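Peer 1: Sequence:
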Amino acid sequence: MKQIISQHEDKWKDDGIFSLAQGVVHWKPPKTAYEALANAAQANLDENMATAAGDGAIIHTYCPDEGYPPLIASLKDKLEQQNGLQSPHVMVTSGANQAYVNCVITLMDEVDNDSNHEKEPPQEMISKCVVFEPYYFNHVMAIQGVRGGNNCGGIASTDDSKSHAEGLLVGPTQQGKPDLTWLRSRLEEYKKPSGSNGIRMVTLVNPGNPTGVSLSHAFLKEIAQLTKEYGVWLIMDCTYEHFDIHRNNRDVENPNIPYPCLDQEHIIHIFSFSKGYAMAGFRTGYLAFSSKNGSEGKGTLAYEQMLKTQDTIAICTSRISQMAALGALQAGREWVNDQVKTLEVGRNAILEAMSSLEEIIGGTGAMYVMGKLPDSTDDKVSKFLSSTKTYLQQRSFIFLTLHSISHLIFNSNLPARWWNTLVLQSFQEAFVAIRDGFEFVTQTYHLNFV
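Under the working numbering, the letters of the sequence shown match residues 45 to 494, in that order.
FYI, nobody ran anything at the bench for these hints, they're computed from the structure. Just so it is clear, the structure is predicted and the values come from calculations on it, not from any experiment. Some hints could be false.
Derived DSSO-like pairs: lysine-lysine, alpha-carbon spacing no greater than 30 Å straight-line [as the list claims (entries may be wrong)]:
#1 K265 to K122
#2 K72 to K120
#3 K416 to K385
#4 K122 to K342
#5 K272 to K236
#6 K416 to K221
#7 K272 to K336
Start from the sequences, fold in the hints, and give me the full structure.
Peer 2: Next up, the structure:
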């Protein structure tokens, strides 16, 4: 999909084609990020400046595995003041995706050591990771790639009869909210006599990608307690922390913390500079581990083990990217908040454009909203797409040519075939095109969207 967009984007812009497929913000990084880049480059061009500045100014060498020390210090301050995490261990990664791959490699054993190898089938000896449908596809791809299975390129499903990665369990949701009853039953099912669990980690994205749902702080506490009870890691992907627009994650006990996180030993938080700070191309993310109970704490031990994974995969994130990230932090959270507010016009427009659909999920967090097309859409729209020479890749994405007035790309990296996730952007014309497109398909093919 990325290849198709990159090949045609220049022509599409002139033709009024809008990509609503990938979660890319419309703004640029803050000026302070570019100033940090310029200062670093200038310091390395000037030998005297570089010598005076010391190792901290050098951009061509390795830095510590965990990250550029000045950035680590600033991130620890940010995590304490904005997320309520006290003295966490921090590891800078090449984007949040690499952070998640680090977790999968480090936390998921090849074989469950507590399994009875003589009595249990091989499938049950593989440690498991839970994601919730509809899931962030890169998380599933990480598990498929590392844990393997018979369907590493396929779509994972809550239907257990379908083969997917051996280490993957997919849980159901209701309106984007994970089903904790299902999760408890699975945690109980995989509990071992020794007290350990065949499920090693549970993954949660909040605010959600691709759901656009922002979960409440009370719900996050509930799933944290549940995973703690069964001794299972909880991986909290907080890539969209700045997009909790209604502050659903607000902690009434600590109302001044912008995006409160739960400071518990078994929780690892993932963050990113790609969305709020618009630095996707710099590939900079980071992990936060609890430091509770010192060197014997679960978070500390995981951090130390993950440094081995970090050193093997990336050694360290690019120094120049980390310097840019440090500069971006100087712009402050308010700068990000001001950019996020520009999505409100688009958010309201897309919700209005999709109001005729039978079910809508999201729009309260991240920059996504999901709309469900009627069950009867399948054959009729497939025929429409074929007859107009548009492109349909089942369960991957839909490229719709809607009449002669507009062209749109819809992202639906989802198991359910006729769900579409729309990414909120800043251009009003795209949302008018969506509304007109739905009306055109409805009138032409007599589909009932109400």
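Peer 1: Each of the hints needs a verdict: does it hold here or not?
Peer 2: Hint check results:
no.	hint	in the structure
1	K265 to K122	holds (22 Å)
2	K72 to K120	holds (25 Å)
3	K416 to K385	holds (26 Å)
4	K122 to K342	holds (22 Å)
5	K272 to K236	holds (15 Å)
6	K416 to K221	holds (16 Å)
7	K272 to K336	holds (14 Å)
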